[in-house]
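Asks: The two chains are supplied separately, each in an independent frame; assemble them into the complex guided by the hints.
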Amino acid sequence: MIDEVGHYALVLALALAVMQMILPFWGARARDARLMALARPAALAQFAFVALSYAALTYAHVVSDFSLANVVENSHSTKPLIYKISGVWGNHEGSMMLWALILTLSGAAMAAFSRAIPPRLLADALSVQGCLGVAFLLFILLTSNPFARLSPAPMEGNDLNPILQDPGLAIHPPLLYLGYVGFSIVFSLAAGALIGGRIDAAFARFIRPWTLAAWCFLTLGIAMGSYWAYYTLGWGGFWFWDPVENASLLPWLSGTALLHCAAVMEKRDALKIWTIFLAILTFSLSLLGTFLVRSGVLTSVHSFASDPQRGLFILGILVLFIGGSLFLFMLRAPTLSQGGLFAPISREGALVVNNLLLTASCAAVFVGTLYPLALEAWNGDKISVGAPFFNLTFGPLFAPLALLMPIGQNLAWKRGDLLAALQRLWFAAACGLAAMLAFYAAQGAPVTAYVGAGVAIYLIVGAFVEIFNRIFPAGLRASKNVASRASGLPLSAWGTAIAHAGLGVTLLGLAASGWGAEKIVSMKTGEAYDVGPYQLSVVAMTAAPGPNYREAIAHMSVSRNGAVVAMIEPSKRFFTTRRMGVSQAGIVTLNFGQIYVSIAEQNDNGAVDARLYWKPLVSLIWLGALAMAFGGGLSLADRRLRVGVARRAARISGASAPAAG
Amino acid sequence: MIWFVLALLTGVAVLSLLWPLSRPAPQPRQDAADVAFYRAQIAEIDAELLRGAIDKEQAEAAKALAARRLLAAAPEENVVVVESTRTKRIAAVLAIVVIPAVALGLYGRIGRPDLPDLPRDARRATEAGMDIGAAVAKIEAHLAGHPEDGRAYELVAPVYLRMGRFDDAVSARERAIALLGDTPERRVRYAEALAFAADGVVTPEAEEQIRRALEIDPKYLEARYFLGLAAAQREDVEAARKIWSDMISELPADSPAAKAIAEKLALLDSPGQRGPMAPGAESPGGVSAPSAAAAAAVAAQPRDEQQKTIRAMVERLAQRLAAQGGGAEEWMRLIRAYKVLNEPDKAQTALADAQTALKGDAASQAKLGLLAQELGLKQ
Chain A
47 MIDEVGHYAL VLALALAVMQ MILPFWGARA RDARLMALAR PAALAQFAFV
97 ALSYAALTYA HVVSDFSLAN VVENSHSTKP LIYKISGVWG NHEGSMMLWA
147 LILTLSGAAM AAFSRAIPPR LLADALSVQG CLGVAFLLFI LLTSNPFARL
197 SPAPMEGNDL NPILQDPGLA IHPPLLYLGY VGFSIVFSLA AGALIGGRID
247 AAFARFIRPW TLAAWCFLTL GIAMGSYWAY YTLGWGGFWF WDPVENASLL
297 PWLSGTALLH CAAVMEKRDA LKIWTIFLAI LTFSLSLLGT FLVRSGVLTS
347 VHSFASDPQR GLFILGILVL FIGGSLFLFM LRAPTLSQGG LFAPISREGA
397 LVVNNLLLTA SCAAVFVGTL YPLALEAWNG DKISVGAPFF NLTFGPLFAP
447 LALLMPIGQN LAWKRGDLLA ALQRLWFAAA CGLAAMLAFY AAQGAPVTAY
497 VGAGVAIYLI VGAFVEIFNR IFPAGLRASK NVASRASGLP LSAWGTAIAH
547 AGLGVTLLGL AASGWGAEKI VSMKTGEAYD VGPYQLSVVA MTAAPGPNYR
597 EAIAHMSVSR NGAVVAMIEP SKRFFTTRRM GVSQAGIVTL NFGQIYVSIA
647 EQNDNGAVDA RLYWKPLVSL IWLGALAMAF GGGLSLADRR LRVGVARRAA
697 RISGASAPAA G
Chain B
130 MIWFVLALLT GVAVLSLLWP LSRPAPQPRQ DAADVAFYRA QIAEIDAELL
180 RGAIDKEQAE AAKALAARRL LAAAPEENVV VVESTRTKRI AAVLAIVVIP
230 AVALGLYGRI GRPDLPDLPR DARRATEAGM DIGAAVAKIE AHLAGHPEDG
280 RAYELVAPVY LRMGRFDDAV SARERAIALL GDTPERRVRY AEALAFAADG
330 VVTPEAEEQI RRALEIDPKY LEARYFLGLA AAQREDVEAA RKIWSDMISE
380 LPADSPAAKA IAEKLALLDS PGQRGPMAPG AESPGGVSAP SAAAAAAVAA
430 QPRDEQQKTI RAMVERLAQR LAAQGGGAEE WMRLIRAYKV LNEPDKAQTA
480 LADAQTALKG DAASQAKLGL LAQELGLKQ
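Sequences listed follow chains A and B, in order.
First residue of the first sequence: 47, per the working numbering; consecutive thereafter.
First residue of the second sequence: 130, per the working numbering; consecutive thereafter.
The following block holds chain B by itself, in its conformation from the complex (with noise of 0.2 Å):
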C-alpha cells in the first residue's frame, strides 16, 4: 500500500514537468513585458496630466524619457525564441530518470517505509488501557489540595515510573514515607524508584535504602532481591550469588519468585550479559511489582536486543547532555550507565565531559569525584 502511494506520487511529480513540456511552448515575445511597462508608464503620465498633477509641458517630456527607454531596452536579439524536439527529448528523458533516481535514491537510504505510523489515540486503545495522564492529573490535582494524603503518593508513584517521570516517582515515594511511617515495602519502593530514576542502577543511595528496610525486616524477600542485584552490579558476583542463593534455598522450589531468582542467577555466570538489570520489572512476583512500560519491553526482547535497545537509551541521554546540557544527577547517571555497559573508555569520556560541562558548580564537581572514586575512574 505504501510503496503503491509512493509510486503514485512519483508519477505526479514527473507528469508536472512533463505535461507542460508536451504541449505547444507559449510564444511570449522577450520584448512584450518592456512595452507593455512603457506603454502602462505613459498612460499613468496621461492620467496624472488628467488629474492635474502634473502639467501639460512635465507630461510630454516624461512621455518623450518613457519612449527613448523603450527603445533602449529593447535589443533585437531577445525577440528571437527557439524551440527545438531535441532539447523537448533531453529534457522529458531527465524529467523521467533524474526525478525517481534522486527521490528513491536519498529516500531509500533515510526512509523508513517499514514503520507503521501511530499515533497516540489509536494506540492507546490496543496498547495501554485507561488515559493514565488524566489519572495523575486528579491525582495531583488532589495533592495540592491535601498535601498531607500520604496515601495519594503511594497511589501515584508506580504511575510515574510507568510514565517514565523518575524524579516525581522518587520525591512521592519519600513523602508517603515521611507521612505513613516506616515499613520495607514503603524502603524497597523507594529503592526501586532511585534505581529506575538512575537508569535501572541500584545506587548507594537506593541501597541505604534497602538496608534499612533489612534492619526492620531482616528476612524480607524483596530487600534482599535488592541487595543481590547492587551486588551484582558491582561485580562482586560472589555476594549476589550468596544472596539469592539464600533465597531459593527458603523459598518453595516451583513458586514463581524462586524462578525468577533461578534465572538472575545463571546469568551471574554469563559475564557481559549481565547489564543494568531493570528492577522493578525483573523482581521476584508477589509484591506488587509496578512494570514500567520500557522496562517491560526490554525485559520482553532476546538478550542482544535487549542489550542494543540499552545502548540506544544510553546513547540519546548522551546525545541530549552534549547537546542541551544537564544537571549533575543526568550526567552521573550517563558515567555509570557506561561503568555498567563494561565501556570504562566512554565513562571516563563521559566524566571528563561533566566536568568541563558543569564547571563552577562546586557541589556537582564533588559529588563526580565521589562517583569518579567509586567507580575506579581517573580524574
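The shape of chain A in the complex, shown without the other chains (with noise of 0.2 Å):
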C-alpha cells in the first residue's frame, strides 16, 4: 500500500501544481487577494505531497520491495543501508523524483520565506513555478515512473551501477540538483517581474538570497563531482571537458554573473536587463544540462537507461520555457527604464566586462560541449572537442578575468579612478610575481604552471585589499579605531574577499598540476618505485569479502627521505551481480599535495598494474571551490540590505577607500 500511497501523491501533487499555475495566475490578472494568496498553500501542500512519494519511494528502496521495477533495477537486498538510501537518485526515475523534490521544496520555500515580495510578482512567480512543476511532474508520471510495479516480483534485485556505489552518490547530487533548481526560484521571480512589468532595485533585492543560495550550492555540487571522478574514475584527472561536466559548468558561468549583476542591481538601480536576461538563461542551462545527461543524446555514467520519448518530451519542456521567457524578455526589454547611470571606469563598469567575459566563455563551453553533438545529429560525424579546444578558449577568456577581478573591487561605484585602484594593488601585485620567481626557482617549468601560480598568488592577496583599504583607511600607522571598523565591516564584504581569494586557491592548485609526476608500472609485493619525492612500496596483497562485492587490496607504504609518512590501501571491487570491477583508489594528502594510486586486475604471475601519482597541491583545487561556497555563505548570513553609494565628482581624486559596498 505505500508504493501506491507514494504514486497517488505524486499524482496529486501533480493536479496541485496544475492548480497552482493557474489560480494566483488569473488572482494577478483580476487583482484578487485571495486568489493570489492561494499560490501559498499550494506550493507547500505540493512539496509536501511530492515529500510523501519521495519517502514511499525511499522506503520501497530500503525495504527492498521488489515489486517496484525501479528497485528491481538498481537495488539489491545486500547493497548497504545508504546506497539504498543514496541509490533512490542513482537511477533516471529517482533522480528525476529528487529533481521534483527540490523543485518543489523550492516553491515552498519562496512561498513561505518571501513575504517581502509583492504579492503580485508573488503570485506570478510561483505561477511560473507551479507551471514548471507541472512540466516535471508530468515527465516523471508520464515516461519515468518510478511506481511501476512489477507482477510477479523477482526475489532479487540488478543492484546499482557499482561505480555509483561511492559516498560521493549520496552528496553530489543532492548539492548539484539544489544548485540547478534553486535558480528555478530566480527563473520564476524573473518571469513573474516581466509578466508584471515591474522590475526595480527591489527585485534584485527578492532574488539575492535564492541567487547565491543555489550559487553555493551548485559551486559544491560541481566540486564534489570534479572530487568523486577524480578518486573514482581511476586516472587522476579532475576534470575531462565531458558534455555532463560542461552541462553543470555552463549554469555555474552564468550564475556566477547573475550574482554580480544583481548586486549592481539592487545597489545601483542599473544593469536591469542583464540580471534579467541572466536570470532566464541560468536556469535555462540548467534545463539544458537535464536534456543533455536525460535526453540519451550523452551516453555517460550519468545518463542512465533513456530512450527517445523521454528526450523528446524535456525537449518540449525546454523549448516551451526557454523560449516562453525569451519571448516575455523580447517584449518586456525594451520598456526597462534606465536606472542609474555610471561611467566606462567605476565598479558597475568592471561588473559588466565580467559579465561580458563570464557569458562569452560560458558561449565558449556551450559551442564546445554542443558542436560535436548537432554535428553528429546533423551527418552523423563523430567529432570529439576536448581540452585543447576549452584550453583555447576557455583560458583566454578567463585569463583577464582573473587579472582584472582585484582591480574591479578596487573601483568605486558610479566612476572610479583606475590608477587610483591600481596603486592600491601594488603589494598583491607584487606578491604575485615574488611567488611567480619563487615557483619558478623551486619547481621550474612549465611555464604555464609558474605564471598561472604567480597569477593565483596575485588573485588571493588582492581578494583582501579592497577589505584592508576599509580597515585601514589611513594606512597601517593610522591604526585607531581599526577594530570597530572591521567589525563594521558587513559580512557580505568578507564573503566577497574569501569567494574572490577561493577561486585563486583553485588556481593554484590547477597551475600546480603542471608540476605532477605519473607513472604506470607492473607492481609487485616487495619493490619501491619513486613518484615525484615520494618513494613508493608493496608490503602485501590481500583479498577480503565485502556486502555485496569481493576486494583485492594492496597495502603501500609511502615514504620520503627514507622515512614512511603514510599508509594508502588502494583496492580493486568486483561486484558479482553487476559482473563490473571498480577500481577504488588509494589517496593520501601530503601538504595539500596528494599521493594516487589505482590499481587493475592482478596479473597472473602475481604482479599488478597500477599507476602512480604525485599531485602537488592538488587538493587546493577543492579547497578554493569549499572557500567559494564558504564566501557565498557568508555573504547569504548577512541579511542587511546593499547601498552602493556613489562618490561625489569633485572627490574621486585621492586614494580613499570606495563606499561601502
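In short, the hints are calculated from the structure, not lab data.
We treat Cβ as the ideally placed atom computed from N, Cα and C, and that holds for glycine.
There's no promise every hint is true.
[Stated by the list, open to error] FRET-style restraints, in silico, Cβ to Cβ:
no., chain 1, residue 1, chain 2, residue 2, range
1, A, Ala487, B, Ala492, 55 to 63 Å
2, A, Ala653, B, Ala441, 41 to 49 Å
3, B, Asp474, A, Leu188, 23 to 31 Å
4, B, Asp383, A, Glu597, 48 to 56 Å
5, A, Ala646, B, Ser378, 54 to 62 Å
6, B, Arg440, A, Leu188, 22 to 30 Å
7, B, Asp474, A, Thr588, 50 to 58 Å
8, A, Ala216, B, Ala176, 36 to 44 Å
9, A, Glu647, B, Gly234, 27 to 35 Å
10, B, Gln453, A, Ala574, 54 to 62 Å
11, B, Ala165, A, Thr494, 50 to 58 Å
12, A, Ala216, B, Ala491, 39 to 47 Å
[As the list claims (entries may be wrong)] Covered, in the sense of this in silico footprint (three residues per stretch, anywhere, with C-beta under 8 Å from a C-beta of chain A), are these stretches of chain B:
no., stretch
13, 140 to 153
14, 218 to 229
15, 237 to 246
16, 266 to 274
[As the list claims (entries may be wrong)] Some chain B residues judged to face chain A by a derived CB distance under 10 Å, without partners named:
no., residue
17, Val134
18, Leu233
19, Arg291
20, Asp296
21, Glu503
22, Lys507
Replies: So, in C-alpha cells, the structure goes:
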C-alpha cells in the first residue's frame, strides 16, 4: 500500500501544481488578493505531497520491495543501507524524483520566506513555478515513473551500478540539484517580474538570497562531482571537459555573472536587463543540462537508461520554458527604464566587463559541448572536442577575468579611478610576481604552472586588498578605530573577499598540476617506486569480501627520504551481481598535494598493473571551491540591505577607500 | 483500506486550497514591500554614516536617491486590491473538481492499487525460508580460499540457478566436472545450467553435454529426457516422440517420471503450445532437479498465462538490450527465444539489431552468423 500511496501522492502533487499554475495567475490579473494568496498553500501542499511520494520510494528501496521495477533495476538486498537510500537518485526515474522534490522545495521555500515580495510578483512567480512543477511531474508520471510495478515480483534485484556505490552518490547529486533547481526560483521571479512588468532595485533584493544559495550549492555540487570523478575513475583527472560536466559549468558561469549583476542592480538600480537576462539564461542552462543528461543524447555514467520518448518530452519542456521566457523578455526588455548611470571606468563598468567575459566563456563552453552533438545529428560525423579546444577558448577568456577581478573590486561606484585602483593593488601584484619567481626557482617548468601560480597568489592577496583599505583607510600606521571598522564591515564584504580568494586557491591547485609526476608500472610485493619526491612500496596484497562485492587490496607505504609518512590501500572491487569491477584509488594528502594510486586486476604472475601519481597542491582545487561556497554563505548570512553610495565628482581624486559595498 | 487512504489524501489536497479560500483575504498594500525596501535602505545609509564608512554629504545624496526611487516605484494602481465572492466561488469549485479529476483520472490509468507491497523481509518469511544470499556468500568465501573444492561448487550451483545467476551456475558446474571427474549426472546438470542461461533453450553446447553423458551411460534417464526436449525445441517432433515414448515404455507405468513425460508427449501434439520449456522444473522426478523459483512459478501457471509470462520475460530482455546493449550471448538468447516463440520476424529484427550493436566485434559476428544459419534466418 505504501508504494501506491506514494504513487498517488505524486499524482496529487501534479493536480496541485495545475491549481498553483492557474489560480494565482488569474488572481494577479483580476487583482484578487485571495486568489493570489492561494499560491502559498498550493506550493506548500505540493511540496508535502512530493515529499511523501519521495519518502515512499525511499522506503521501498530500503526494504527492497522488488514489486517496483525501479527497485529491481537499481537495488539489491545486500546493498549497504546508505546506498539503498542514496541509490534512490542513482537512476533515471529516481533522479527525476529528486529533481521534482527540490523543485517543489524551492517553490515552498519561496512561498514560505518571501513575505517581503509584493503579492502580485509573488503570485506570478509561484504560478511560473507551478508551471515548472506541472511539466516535470508530468514528465515523471508519463515517461519515467519510478512507481511502475512488476507482477510477479522477482526475488532479487540487479544492483546499482558499482561506480555509483560510493559516498559521493550521497552528496554530489543533491548538492548539484539544489544548485540547478534552486535557480528555478530566480527564473520564476524574473518571469513573474516580466509578466507584471515591474523591475527595480527591490527585485534584485528579492532574488539575492536565492541566487546566492543556489550558486553556493552549485559550486559545492560541481566541486564534489569533480572530486568524485577524480578518486573513482582511476586516472587521476578532475575535469574532463565531458559534456555532462560542461552542462554543470554552464549555469555556474552564468549564475556567477548573475550574482554580480544582481548586486549592481540592488545597489545602483543599473544593469536591469542584464540581470533579467542572466536569470533566465542560468535556469535555461540548467534545463539544457537536464536535457543533455536525461534525453539519451549523451551516454555517460550520468545518463542511465534513456529512450527517445523522454528526450522528446524534455525537449518540449526546454522549448516551452526557454522560448516562453525569452519571448517575454523580448516584449518587456525595451520598456525597462534605465536605472543608475555610471561611467565606463567604475565598479559597474568593471562588472559589465565581468558579465561579458563570463557569458563569452559560457558561450565557448556551450559551443564546445553542443557543436559535436549537432554535427553528429546533422551528418552522423563523430568528432571529439576536448581539452585543447577549451584551453584555447575558455582559457584566454578566463585569464583577463582573473587579472581584472581585484581591479574591479577596488574601483568606486559610478565613476572610478583606474590609477588609484592599480595603486592600491601594488602589494598584491608584487606578491604575485614574487611567488612566480619563487615557484620558478623551486619547481621550474612548465611555464603555465609558475605563471598560473603567480596569478593565483595575486588573486588571493588582491581579494583582501579592498577589506584592508577599508579597515586601514590611512595606512598601517594610523591604527585608530581599527577594531570598530573591522567589526563594522558587512559580512558580505568578507564573503566577497573569501569567495574571490577561493578562486585564486583553485587556480593555484590547477596551476600546480603542471608539476605532477605520473608512473604506470607493473607492481610486485616488496618493490619500491619513486614518484615525485616520494617512494611507494607494496607491503602486501590481500583479498577481502565486502557486502555485495569481493575486493583485492594492495597495502602500500609512502615514504620520503627513508621515513614512512603514510600508508595507502588502493583496491579493486568486483561486484558479483553486475559482474563489474571498480577500482578504489588509494589517496593520501601530504602538504595539500596527493599521492594517488589506482590498481587493476592482479595478473597471473602475481604482479598488479598500477598507475602512480604525485599531484602537488591538488587538494587546493576543491578547497578553493569550498572557500568560494563559504564566501557565498557568509554573504547569504548578511541580511542587511546593500547600498552602493556613489562619490561626488569633485571628491574622486585621492586614494581613500571606496564607499560601502 | 487503500481507497480510504487515497480518498483521505485527496481530501487533504483539496482542503489545502479550500481552507485558505474560506478565510478573510490578506490585505497587504501592493506597495508595502517597496516602502519597506527603501525604508530599510535609508536606515542602512544612516547606519553606514554612524560607522563612519561614508560622510554626511554622501549619505544625504544616497538618501535622496532612495526617496526618488521609492516615488518612482509606487504607481497608484497597485494599491487597489479587489476581492470578489464570485472568483472565490469559481476557485473553490475548480479546486473541488479539478484536483480529484486530475488525480483520479491519471492514477486510474497508471496506478496499480490492486498490487500489495512486497518488502523483501516479509516475503522471505512467507515464501522462501532461509536467507539464500547469506549462505551463498559463505560458500563463495570458502571457495575463494579453497578453489579446488569441487563439492562446494556442486553445492552452490543449484542455488545459483535458483537465484537467477545462471552464468555463475554454468561456471560452477564446469568447475565441478573439472575437479571431481566426469559422471553422467554432472554432465546433465551442466547441460541444465547451460539451458537455463539460454532462457530455457537446450543450446548446441548443452546438447553436446547430454551426448557426453549418454556416452558414459546410454540408458541415463534424465539425459534422454533432455535429448527429447532438445528435439522438441527444434520442432523435430518425431525424434522427440520416439525418445520419450521409449522412456515411458521402460519406466513403471504409474511412476511420477512416466506421468511427467506422458504430459510432455501430449504437448507435442498441440503445436504452438510448446514454448521454451523450462528444463529443470519439468524434468522427470527422482533425480534432484532444482527448480528455479521463477521457472517453478511459470510452470505452475495455466498454459496461456505461462506463455504470457514467458513473453513478458523475453520482452524485458529485448528492452534491456535495446536500452543498455549487451554481450553476444544475451543477443543470441533473445534471437533464439523469438524463434522458439514462433516469431520469426522478430527473430530476424533482433538478429539485425544484434549485428549493428556488436559491430566491430568479429568473434560475436561469427557466432551470430552460425546462429542465423542454425535457425534458418536471413543474414
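Asks: Hint numbers the structure violates, sorted upward?
Replies: 9, 10, 21, 22
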